[in-house]
Amino acid sequence: MLKGEEMKILPTIKNAFLLVENGIIKDFGEMKDAPIEEDKKLIDASNRIIMPTWVDSHTHIVYAGNREEEFVDRINGLSYEEIANRGGGILNSAKRLQNTSEDVLYEQSRKRLEEVVLLGTGAIEIKSGYGLNKETELKMLRVIKRLKENYPLEIKATFLGVHALPKEYKNNKQGYLDLVVNEIMPVVASQNLADYIDVFCETGYFDVSDTAYILEAGKKYGLKPKIHVNQFTAIGGVELGVKHQALSVDHLEVLTDN
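The sequence shown begins at 0 in numbering that gives the first Met the number 0 and counts up by one.
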């Protein structure tokens, strides 16, 4: 392991080989020591660069349309919260997605996936979260499943039904949480639509108690926890993620000494 000053030195091997079996690097070294066997395919990579693919976590590439008008709002100084309070942000994306057919959504998402593959992505996590009702969240997850089935790269699906509170549940947050747990989550599990469960744990969205409720329910269905935390404020989401052995705690723009 390199550390300290040693990290300034980039070790290189001249005239090297790389042995790959079943997609896994099995050996490397100088070409004179290469285990040349008749059943091995030899690729001449002279004057080229071989790099591992990117592992692209936390993506939202399944969405409908765009929010370009909100980009202008950001340039004009409006914050994420101010745009959201005007009906923009997640709720804007949800409205567009609810009015988009599954096939159209798949075609739009397929093109985005192909773009990131061309940029070197070999494994990707794709989240739902722009549906905010049973039908549309499941539609998003079905699109992700179709992408899994039709493309050779590793794709992981994350169920992010608790991303924002739908307008119709503005005064009934617990009702929406119960809908996610009792009506959406069982279908997600029975149809094998997701690998992970995620929550936007943040002031003005879902608190630590809400998040714990969703993560605990998800774990009962075999969904591994991930959390959006500390994007605007620190309310204990990181600690909750550690408690539930979350695979990741994402955003972390705001950190405390704790």
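Possibly wrong hints are sitting among the right ones.
Derived pair list, reagent style EDC-like, types lysine to aspartate or glutamate, alpha-carbon separation capped at 16 Å [as the list claims (entries may be wrong)]:
(1) K242 x E215
(2) K94 x E67
(3) K219 x E167
(4) K39 x D55
(5) K40 x D26
(6) K147 x E113
(7) K133 x D177
(8) K133 x E113
(9) K133 x E182
(10) K138 x E114
(11) K40 x E20
(12) K219 x D194
(13) K144 x E182
(14) K138 x D209
(15) K172 x D194
(16) K94 x E167
(17) K133 x E106
(18) K223 x D177
(19) K169 x E113
(20) K94 x D55
(21) K31 x E20
(22) K138 x D102
(23) K172 x D209
(24) K144 x E101
(25) K169 x D194
(26) K138 x D177
(27) K147 x E182
(28) K147 x D55
(29) K144 x D206
(30) K155 x D55
(31) K147 x E215
(32) K94 x E113
(33) K172 x E106
(34) K155 x D194
(35) K94 x D43
(36) K218 x D194
Pairwise CB distance ranges, derived in the manner of DEER restraints [claimed, not checked]:
(37) N75 x K25: 23 to 33 Å
(38) Y168 x A122: 47 to 57 Å
(39) L118 x L9: 34 to 44 Å
(40) Y220 x Y79: 44 to 54 Å
Keep in mind the hints are simulated off the structure, nothing from the lab. Note that the Cβ used here is the ideal one computed from N, Cα and C, for glycine as well.
Hints and how they fare:
The suggested pairing of K242 with E215 holds, with an alpha-carbon distance near 11 Å, which does not exceed 16 Å. For the suggested pair K94 and E67, the alpha carbons sit about 15 Å apart, so the restraint of at most 16 Å is met. With a C-alpha separation of about 28 Å, the suggested pair K219 and E167 falls outside the 16 Å cut-off, and the hint is violated. With a CA separation close to 30 Å, the supplied pair K39 and D55 exceeds the 16 Å bound.
The hinted pair formed by K40 and D26 meets the criterion: a straight-line CA distance of about 15 Å does not exceed 16 Å. With a CA separation close to 12 Å, the supplied pair K147 and E113 stays within the 16 Å bound. Annotation: proposed proximity of K133 to D177 holds, straight-line Cα distance about 12 Å (limit 16 Å). Taking the CA atoms of K133 and E113, the gap is about 28 Å. The hint is violated against a cut of 16 Å.
Annotation: proposed proximity of K133 to E182 holds, straight-line Cα distance about 7 Å (limit 16 Å). For the hint linking K138 to E114, the alpha-carbon distance of about 22 Å lies beyond 16 Å, and the restraint is violated. Between the alpha carbons of K40 and E20 the distance comes to roughly 10 Å, so the proposed pair stays at or under 16 Å and holds. Our distance criterion of 16 Å between C-alpha atoms is met by K219 and D194, whose separation comes to about 13 Å.
Taken as a hint, the K144 and E182 pair is broken in the structure, with Cα atoms around 19 Å apart against an allowance of 16 Å. At most 16 Å may separate the alpha-carbon atoms for a hinted pair to count; K138 and D209 exceed this at roughly 24 Å. Restraint check: the Cα-Cα separation between K172 and D194 comes to about 25 Å, which exceeds 16 Å; the hinted pair is violated. Restraint check for K94 and E167: satisfied, since their Cα atoms lie roughly 12 Å apart, inside the 16 Å limit.
Annotation: proposed proximity of K133 to E106 is violated, straight-line Cα distance about 21 Å (limit 16 Å). Restraint check for K223 and D177: not satisfied, since their Cα atoms lie roughly 19 Å apart, outside the 16 Å limit. Proximity of K169 to E113 is assessed by CA-CA distance (about 37 Å); at most 16 Å being required, the pair is judged violated. Among the hinted pairs, K94 with D55 is inconsistent with the structure: their alpha-carbon atoms are about 26 Å apart, more than 16 Å.
Of the supplied pair hints, the one linking K31 and E20 is violated, its CA atoms being roughly 19 Å apart against a limit of 16 Å. Our distance criterion of 16 Å between C-alpha atoms is met by K138 and D102, whose separation comes to about 10 Å. In summary, the hint linking K172 to D209 is supported, as the alpha carbons are separated by about 9 Å, within the 16 Å threshold. A hinted pair counts as satisfied when its Cα atoms are at most 16 Å apart, and K144 with E101 qualifies at roughly 12 Å.
Using a Cα cut-off of 16 Å, the hinted pair K169 and D194 is violated, with the two alpha carbons roughly 28 Å apart. A C-alpha spacing of about 19 Å is found between K138 and D177, which places the hinted pair above 16 Å, so the restraint is violated. A threshold of 16 Å between alpha carbons decides the hint, and for K147 with E182 the separation of about 24 Å lies outside it, so the pair is violated. Proximity of K147 to D55 is assessed by CA-CA distance (about 15 Å); at most 16 Å being required, the pair is judged to hold.
Restraint check for K144 and D206: not satisfied, since their Cα atoms lie roughly 30 Å apart, outside the 16 Å limit. For the hint pairing K155 with D55, the CA-to-CA distance comes to about 10 Å; that is within 16 Å, so the pair holds. Taken as a hint, the K147 and E215 pair is broken in the structure, with Cα atoms around 26 Å apart against an allowance of 16 Å. For the given pair, K94 sits about 25 Å from E113 by alpha-carbon distance, which is inconsistent with the 16 Å threshold.
With a C-alpha separation of about 33 Å, the suggested pair K172 and E106 falls outside the 16 Å cut-off, and the hint is violated. Proximity of K155 to D194 is assessed by CA-CA distance (about 6 Å); at most 16 Å being required, the pair is judged to hold. Restraint check for K94 and D43: not satisfied, since their Cα atoms lie roughly 51 Å apart, outside the 16 Å limit. Straight-line distance between C-alpha atoms of K218 and D194 comes to about 11 Å, which keeps the hinted pair within the 16 Å bound.
Between N75 and K25, the C-beta spacing of about 54 Å breaks the proposed range 23 to 33 Å. The beta-carbon spacing between Y168 and A122, approximately 34 Å, falls outside the hinted interval of 47 to 57 Å. Roughly 23 Å separates the CB atoms of L118 and L9, a value that falls outside the hinted 34 to 44 Å. Distance hint check: the CB atoms of Y220 and Y79 are about 31 Å apart, inconsistent with the given range 44 to 54 Å.
Consistency note: the structure conflicts with the earlier hints numbered 3, 4, 8, 10, 13, 14, 15, 17, 18, 19, 20, 21, 25, 26, 27, 29, 31, 32, 33, 35, 37, 38, 39, 40.
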